[in-house]
Amino acid sequence: MTKHVPKTSGSAITGAIQIWEDDPGSGVVTQAPLPDPKKTPFAYDFPGAAPAPSSDHSSAAFRYWVAAEALRRGADFWAPALPTKQWQVGPKLKVLLDEGEDLNAYYDRKALNFFHGPSPDGTVYSGDSPDIVCHEMGHAILDSIKPELWDAASQEAGAFHESTGDMSAILSALQLPSLRAAILKDTSGQLYRSSRLSRLAEQLGSAIRAQAPDAVERDCLRNAVNSFNYQDPSTLPMQAPAAQLASEVHSFSRVFTGAFYEALAGFLRASAAHADSPTADELLAVSQQMRDILVEAIVNAPVVSNFYAQVAAAMVQASGKANAAYPAILNSVFVRRAILSLDTATSLQAMHVASAAALAAPAKLGPLDKVALPAAHYGLSEPLVVETPSHPRVFATFAATVNARSREPSGSVAAATAFVDALFAQGRVDYGELRTDKLAFAQGRRMKTHKIVRESGALHLKRRLFDCGCRHCA
Amino acid sequence: MADDTPKDAGVITPDTEEAKNFIKGLVANGQAAKPRPDGTLPPGATHEIIGETPSGLPILRRRRFSMF
Numbered sequence: 036m037t038k039h040v041p042k043t044s045g046s047a048i049t050g051a052i053q054i055w056e057d058d059p060g061s062g063v064v065t066q067a068p069l070p071d072p073k074k075t076p077f078a079y080d081f082p083g084a085a086p087a088p089s090s091d092h093s094s095a096a097f098r099y100w101v102a103a104e105a106l107r108r109g110a111d112f113w114a115p116a117l118p119t120k121q122w123q124v125g126p127k128l129k130v131l132l133d134e135g136e137d138l139n140a141y142y143d144r145k146a147l148n149f150f151h152g153p154s155p156d157g158t159v160y161s162g163d164s165p166d167i168v169c170h171e172m173g174h175a176i177l178d179s180i181k182p183e184l185w186d187a188a189s190q191e192a193g194a195f196h197e198s199t200g201d202m203s204a205i206l207s208a209l210q211l212p213s214l215r216a217a218i219l220k221d222t223s224g225q226l227y228r229s230s231r232l233s234r235l236a237e238q239l240g241s242a243i244r245a246q247a248p249d250a251v252e253r254d255c256l257r258n259a260v261n262s263f264n265y266q267d268p269s270t271l272p273m274q275a276p277a278a279q280l281a282s283e284v285h286s287f288s289r290v291f292t293g294a295f296y297e298a299l300a301g302f303l304r305a306s307a308a309h310a311d312s313p314t315a316d317e318l319l320a321v322s323q324q325m326r327d328i329l330v331e332a333i334v335n336a337p338v339v340s341n342f343y344a345q346v347a348a349a350m351v352q353a354s355g356k357a358n359a360a361y362p363a364i365l366n367s368v369f370v371r372r373a374i375l376s377l378d379t380a381t382s383l384q385a386m387h388v389a390s391a392a393a394l395a396a397p398a399k400l401g402p403l404d405k406v407a408l409p410a411a412h413y414g415l416s417e418p419l420v421v422e423t424p425s426h427p428r429v430f431a432t433f434a435a436t437v438n439a440r441s442r443e444p445s446g447s448v449a450a451a452t453a454f455v456d457a458l459f460a461q462g463r464v465d466y467g468e469l470r471t472d473k474l475a476f477a478q479g480r481r482m483k484t485h486k487i488v489r490e491s492g493a494l495h496l497k498r499r500l501f502d503c504g505c506r507h508c509a
Numbered sequence: 070m071a072d073d074t075p076k077d078a079g080v081i082t083p084d085t086e087e088a089k090n091f092i093k094g095l096v097a098n099g100q101a102a103k104p105r106p107d108g109t110l111p112p113g114a115t116h117e118i119i120g121e122t123p124s125g126l127p128i129l130r131r132r133r134f135s136m137f
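Protein chains in written order, with my numbering: chain C, 36 to 509; chain F, 70 to 137.
No lab work stands behind these hints: they were computed from the structure.
Idealized CB from N, CA, C, for every residue including glycine.
There's no promise every hint is true.
Claimed, not checked - Each pair of labels, with its calculated beta carbon distance range:
id	chain 1	residue 1	chain 2	residue 2	range
1	F	E121	C	P212	51 to 57 Å
2	C	S223	F	P111	40 to 46 Å
3	F	V80	C	A87	45 to 51 Å
4	C	T75	F	E121	42 to 48 Å
Said to hold, decoys possible - Short derived list, chain F residues pointing at chain C, Cβ under 8 Å:
id	residue
5	K93
6	A97
7	R131
8	R132
As the list claims (entries may be wrong) - With a Cα cut of at most 30 Å, we get these calculated DSSO-like pairs of lysine-lysine:
id	chain 1	residue 1	chain 2	residue 2
9	C	K73	C	K127
10	C	K74	C	K127
11	F	K103	C	K145
12	F	K89	C	K145
The task is simple: from the sequences and hints, build the whole structure.
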């Protein structure tokens, strides 16, 4: 890899500073405007006085401004898309650049915490890596828009937090013009190739590898170009060498990050004027579109056990606004990675914009959630929007198993699917104005308790009446 | 350092299979630990063990997210 380390004069730079582009392990330095950590929204609080900028790469002052610039750039990147204008902890987030010895970094709802530790090449500082500071900042961004994930007892929810950190590092890095140009050159315009954009935290990875050779990738901490596919995390080993997938949140995060990165590359090919030679400006635009899609999906995704699929489906729904080609790209990637089932992807693909808008309509007086069920087996050519039994469970009411133990209730979608299947099978649905020559079920003479109606462009199943339940009611 | 974890931080109990798997994984990976005398968590730990159920599984509270 070519390194472009300039001479170090030790003199202060007026109006501009030197920074690592992505990680000290890559060793590429560029210049950036002097950042204002206190700028709002999403201000930072660095304790103590700011040091004069330095181009001495081993100095604390250099590390200070590397972190300050990366954090400012990252927050400025995310802020326009977010529904909030402050951190989960308030308007300012504390940044602690050296909290002692540890080959790690943390976000703890009080501060972003960085450390130092040994490596074969000397002491490494986690706060010296834009990859790492933008990963931790990503945790804080996600916490500001989805605070319920903090306490979620879910491997997928925890892993998604880690993936968001890595996605934040990648997208924040793409806001540097020099890095965009370099990555396009290094990959010959084929973004889905291993590069210093896809490789995260090379230096920290090297330090950890010296102590635990199989704990990290061979050339970085984690790589967004990977071939990991979704598996139920409860079936995976709790820990495994980096070459294998485990349910441990950092390991499992690579499934979603890989899909994200593959989709990012797909977006670039689809939107570039020349697919094989995209420009840096086109890459910038795609990074901002991906940000908007991710944020909308995260905000809309319910926190349930299959959180990856929820976010993925919401990304597919959100992406059509940016580019008509994006939903199919996302579907393809998520199905290939087994994050979405083929049925789900097919259903999402069939759902047109009006239908998606109907699903996203703001709630009034606590209505039940809606879901678009695949409806081909009902003889319908598009999904059917139904309400699910999804209100909060005020009382813990369970059915019983044969040995009188509590039976976990079905998920709301499973319950809705079973209910609608039964309605169609029993001939209880009036197809209304729809063409009936392709219907899988005869209309019959039974009392129709429900009717299919088109609202806001989507097919909805509506109850018409309650009946006595007598099989012979006509 | 005193424990000033936010008061609204939730408690993670092993009351579902998913939660049990989650907790067992954290313990196996050293990501759940009891705090040190100064209140800080050991390196790599993200969750504090704040108790245990009658069956012996720990009850946790998240304190932070980590890079690795």
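Practice task
Provide an ascending list of the numbers of those earlier hints which the structure does not satisfy.
Solution key: none
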